[in-house]
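So the protein sequences, as listed, match chains A and B.
So the first sequence is residues 0 to 344, counted in numbering that gives the first Met the number 0.
So the second sequence is residues 0 to 530, counted in numbering that gives the first Met the number 0.
Treat the hints with care, since some could be wrong.
Stated by the list, open to error - Okay, derived cross-link-like pairs now, BS3-like style, lysine-lysine, Cα gap no bigger than 27 Å in a straight line: (1) Lys304/B / Lys187/A; (2) Lys82/B / Lys187/A; (3) Lys71/B / Lys82/B.
Said to hold, decoys possible - Estimated spans, in silico, between C-beta atoms of each pair: (4) Thr5/A / Val199/B: 53 to 59 Å; (5) Arg167/B / Thr5/A: 34 to 40 Å; (6) Asp350/B / Ala196/A: 57 to 63 Å; (7) Leu170/A / Asn267/B: 19 to 25 Å; (8) Ile85/B / Thr5/A: 25 to 31 Å; (9) Tyr315/A / Ala247/B: 51 to 57 Å; (10) Val26/A / Pro98/B: 54 to 60 Å; (11) Ala247/B / Val325/A: 52 to 58 Å; (12) Ala226/A / Asn136/B: 28 to 34 Å; (13) Gln84/B / Val26/A: 30 to 36 Å.
Claimed, not checked - Some chain B residues close to chain A (C-beta under 7 Å, calculated; not the full set): (14) Trp31; (15) Leu52; (16) Ser56; (17) Gly59; (18) Gly211; (19) Gln261; (20) Met265; (21) Ala269; (22) Ala270; (23) Val294; (24) Leu467.
Don't read these hints as lab results, they were simulated from the structure.
C-beta: ideal position from N, C-alpha, C; glycine also.
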Amino acid sequence: MTTNETLAQLSNQLVYASMVAYAVSTVAFAASLAATKGRDLAQTSAPVSRRSAKAEKAALAAQEEGSVLVATRTEAETGLGGPDDGSAPLAPGRRAGNIAISVMWLATILLGAGVLFRGLSVMRAPWGNMYEFSITTAFAISLTYLIIALRRDVRWLGIFVVIPVLLSLGLAVTVLYTDAAQLVPALKSYWLVIHVAIAIICGASFCVAAALSSLYLISEKAERRSAEGRPYWGIGLAKRLPESTKLDGMSYRTIAFMFPLWTFAIVAGAIWAENAWGRYWGWDPKETWAFITWVGYAAYLHARSTAGWKGRKAAYISLVAFACFVFNYFGVNIFFSGLHSYGGV
Amino acid sequence: MSEDVTERTDAGLSTVPEDVDAAAPAFGVRGWFRWAWRTLTSMRTALVLLFLLAIASVPGSVFPQRGTDPAKVAAYLSDDPVKGQILDRLGMFDVFASPWFAAIYLLLFISLAGCVIPRSVQHWKAMRARPPAAPRNLSRLPEHREVVSDDAPDDVLDAAAEHLRSRRWRVDVDREQGWVAAEKGYSRETGNLVFHLALVVMLVGVALGSYGGFRGNVVVREGSSFANTLAQFDSFAPGRGFDESSLAPFSFTLDRFTAEFQRGGMQNGAAREFSADVTFVPEPGAAPEKVTIEVNDPLVVGGEKVFLVGHGYAPTFTITDKAGEIVYRDSVVCLPQDGNFSSSCVVKVPDTTPQLGLTGFFLPTAAVDDIRGPHSTFPAPDDPAVFMSAWEGDLGLDSGAPQSVFKLETANMTRIGIEAMRPGESWTLPDGTTVAFDGYVRFASFAVAKDPGKELALAAVLIAMTGLALSLLVRRRRVWVRVSPGGAGSTLVDVAGLTRSEHTTVADEVDELASALGEPASSTDKQEEPA
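Here chain A stands alone, though its shape is the one from the complex:
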């Protein structure tokens, strides 16, 4: 089967067009964040990591005494939450935020068409090499974010999602670019569709979780510092974000949801490897780093329920685990040779 060059060209142009739109969206998200008034950090309750088990019980007890409103207070104060009812004038930053989301939709539709035409040009799933994997992952990250944005107000998160998307696309079109072509025999299997598609979804979600963990670390420190009245560069940013405990919870839920899926990605890879290479696990560098990533996220989930490790330390573990994922994605193909080195690099 040959490559349909017209569609392949069209796909490349769509990817470039989407990058322009993502860049515009980045600027709008930045403007939105800058214009937001923000909340008063000093009012935030004590950060999780500094609470002992006893303090946590006390906090729970306090909540029992009646301050149930704590959880609902955040949205009103960040100036970002709540539906647009159209009657009240828009809070500062909301217009820019809305523009950013709309432009991001446009960018994502362009990118989605780019991914689709890339697949159609060779009549197969468009994730057969690192270029295709990168553009599909970028598409998955954006789409995940936009779907969440339909139901919740996450405009504050936008810039931290669009930047990795742009980075991923930038690397894809420069370093990783490969012409549309058929697959090597090892990849001709329906497991490619399953195994790689799940890896893409996991990559997209781990990226979002890592962004949330980083924001948690900044926000948590900012809350602590402003309660102590000491300066910290992150205070200005943290003011415009939800409470640190909320960020931590979002990051946790993302990882808790993705961890079984990542396990399945590895298992699907093992089943495929058994059918292609005659062994389900052979400590190939890609397998080794997938295992290290898995152990990293397992450590994160355990750390959250270990005294002395919750909070900041757990967040650092989640960042290390994400670094392992990224290294597995780029580093293993570039530095090591193994059975997975058909990425076109």
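Following the hints, complete the assembly by docking chain B onto the known chain A.
Chain B in isolation, oriented as in the chain A frame:
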């Protein structure tokens, strides 16, 4: 007081194990043993072991490993013997089979078992016990609603029990005290325990596979056959418990190997299609079948599988001595050296005096330039040629020292000529011997493997994944309903809930239950919740 309420009502609700600080041990062997066991089975130790496991895996990807690439390990050892020897002593070329790696994961699994087994017993008891009785003051719980019903207290309790049972809560009713207690989401802890136990079973499956299985490699040229016996393998790695007489008695002949490659574009020369057409005989005397083996489509024979793992070229040489007698005629397997299949060939002719040896290259698409010398520019045989050197002297085959068929020992030989040939050409050496390059056939390399533990490992890992999903996605929660007589024949109903799963809430369920049981008691509500 409020602390007591929570402590009593959330007992066993969390999946988080109690984090007991291993206190200084009491003196004596028993004390030390207990301390060691407690430390080993603590969550903190498990966490440290997980880190160690991740870090210990890293050198396995940095250094070449004997299990996957023995040739690279040998090259490393000969390039840098001093560093190589040190690394080898440390097990860096065999990370995943090294004692220190085994020590980490065995400790981790002991730690896991020591934590999970007692918890399983505890959980088993908890599942059969009644949900904990309702606390006296439900308003102290994180989720609390108060409603008023016109029904009699007993009817409210029945309605509450019915409501909860139909939603598959485990329900306990105490009419005398006037409460209903219910609990749901036991599968969170069940899933958590199943996940960890299934990992142990998976490890057993892995061990079973490497004990009772084998893996062998064989190169087969077009027109040649392979019978599945130990002697015919080029390399064979059996597990300790593998019985060679259990090898399936099949054989096959490689009729044709086809390969297609990308022509033009950025991926010029990339493989596109491999297939090996074989005539397969399941057992001696059985009818032969035509079968195609492809990369993702192995041949399955009972518990064994035949995989297509590689391919290359085998040029055919006919060597005739000066008397006109044929001293050698064979297709010799040449090892591919690069992506374009520049392949190195060695021919040994022991039956002449002096003995004769040929070394050189088979190039499927031959080209010569000043920098790279003779090399191939495309993997398909568009313009095949061989570039050979001839050597005479002693091949060293009689010394008894083992020799590789892919390497010519030239210590006791002298080079007598060098020549390039295309198919059909021949070359006369100074002593009158002629070397004819008749053409080439392709060869395919196959791996035959058996892993009797893989089904167990797969089943275990599927169960583990189910358990994992339950343990991360199910919420464990408790609700209570307490009734007390209100004014004018009405009943005051308190509904409360508690969950300890991270970042989850039982509020929706408490709301639903409360609104099913009565109308909001608006006036009392405001009094109870100070702003």
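*Hints the structure fails to honour*: 2, 5, 8, 11, 13, 14, 18
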